[in-house]
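Asker: Sequence:
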Amino acid sequence: MKLIVFGATGATGQEVVKQALQQGMDVTAFVRSPSKLSSAHPNLEIVKGDAFDKDDVCRALPGHDAVISCLGSSGLKESNELSTMTENILDAMKQYHVERIAYTASAGINREIPGLSGIFASLILRNVLSDHRRAVELIQSNDMQWTIARPMQLTNGVRTTHYRTSEDSVPTKGKKISRSDVAHFLLESVSTQHYLKQSIGLAY
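According to the UniProt record's numbering, the sequence shown holds residues 1 to 204 in order.
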């Protein structure tokens, strides 16, 4: 499989790149600042580009079998950053007939986190969650093979491969999940075709 990763210099994106290479995949890391990605591997190609630039995205997409997006917001203010970048990726995917995408969103985009945690998330992260939700709606409105990951609070813990999933909400009493395990989920999704056209909450 030839995989392109957007947001490859972020903490989750770096885990996706590392694990994909360990699995023998050919990986393209699409990054604005190549110096932030220290990985060196014969199966890794680092492409400098800006996901806000449609031409950059279009130049990078041809020849790939799947897309993983680990793009993040630059802050908590109201923004359409994520949905704009996602729209550019989707347009390029349609142009070059790339059908498989796994997108890293966040738990809370559907107001599915119960209790006080859900209330705080809805207040503090409302702008980021709204932008993720718009990006997800764009993905779901296109005729593609998509998977949405909705992780609870991200940690820098180790990969366990033992986590819980929930399509309708978030795993009961789940609070956290490591970025390594989110990366594992994303790669399992695109390589096994599991969770097609499903939005999955993730937590331990």
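Calculated from the structure, these hints are not laboratory results. Ideal Cβ placement from N, Cα and C applies to all residues, glycine included. Among these hints, one or two may not hold up.
Simulated DEER-style distance windows between Cβ atoms [what the hints assert, rightly or not]:
| hint | residue 1 | residue 2 | range |
| --- | --- | --- | --- |
| 1 | Asp53 | His97 | 31 to 37 Å |
| 2 | Glu45 | Leu123 | 16 to 22 Å |
| 3 | Ile119 | Lys54 | 34 to 40 Å |
| 4 | Pro114 | Arg59 | 19 to 25 Å |
| 5 | Asp50 | Pro114 | 33 to 39 Å |
| 6 | Phe120 | Gly24 | 25 to 31 Å |
| 7 | Asp168 | His41 | 37 to 43 Å |
| 8 | Lys176 | His41 | 15 to 21 Å |
| 9 | Ile119 | Tyr96 | 20 to 26 Å |
Asker: Could you tell me whether the CB distance from Lys176 to His41 stays inside 15 to 21 Å?
Answerer: Once the Cβ atoms are compared, 29 Å apart, the range 15 to 21 Å for His41 and Lys176 is violated.
Asker: Between Ile119 and Tyr96, is the Cβ distance one that fits in 20 to 26 Å?
Answerer: violated, 42 Å
Asker: Within 19 to 25 Å or not, the Cβ separation of Pro114 and Arg59?
Answerer: Violated: the Cβ-Cβ distance is about 44 Å, outside 19 to 25 Å.
Asker: Quick check: does the Cβ-Cβ distance between Asp53 and His97 fall within 31 to 37 Å?
Answerer: violated, 21 Å
Asker: Assuming the hint says 16 to 22 Å, is it satisfied by the Cβ distance from Glu45 to Leu123 or not?
Answerer: Taking Cβ atoms as reference, Glu45 and Leu123 lie about 41 Å apart, which means the hint is violated.
Asker: Has the hinted range 25 to 31 Å been met by the Cβ atoms of Phe120 and Gly24?
Answerer: violated, 41 Å
Asker: Given a hinted range of 33 to 39 Å, is it respected by the beta-carbon distance of Asp50 and Pro114?
Answerer: At 38 Å between Cβs, range holds.
Asker: Quick check on a hinted range of 37 to 43 Å for Asp168 and His41, using CB atoms only.
Answerer: Hint holds: Cβ distance 38 Å, inside 37 to 43 Å.
Asker: So the hint says 34 to 40 Å: do the beta-carbon atoms of Ile119 and Lys54 match that?
Answerer: Holds - the Cβ-Cβ distance for Ile119 and Lys54, about 38 Å, lies within 34 to 40 Å.
When the structure is compared with the earlier hints, violations turn up for hints 1, 2, 4, 6, 8 and 9 and for no others.
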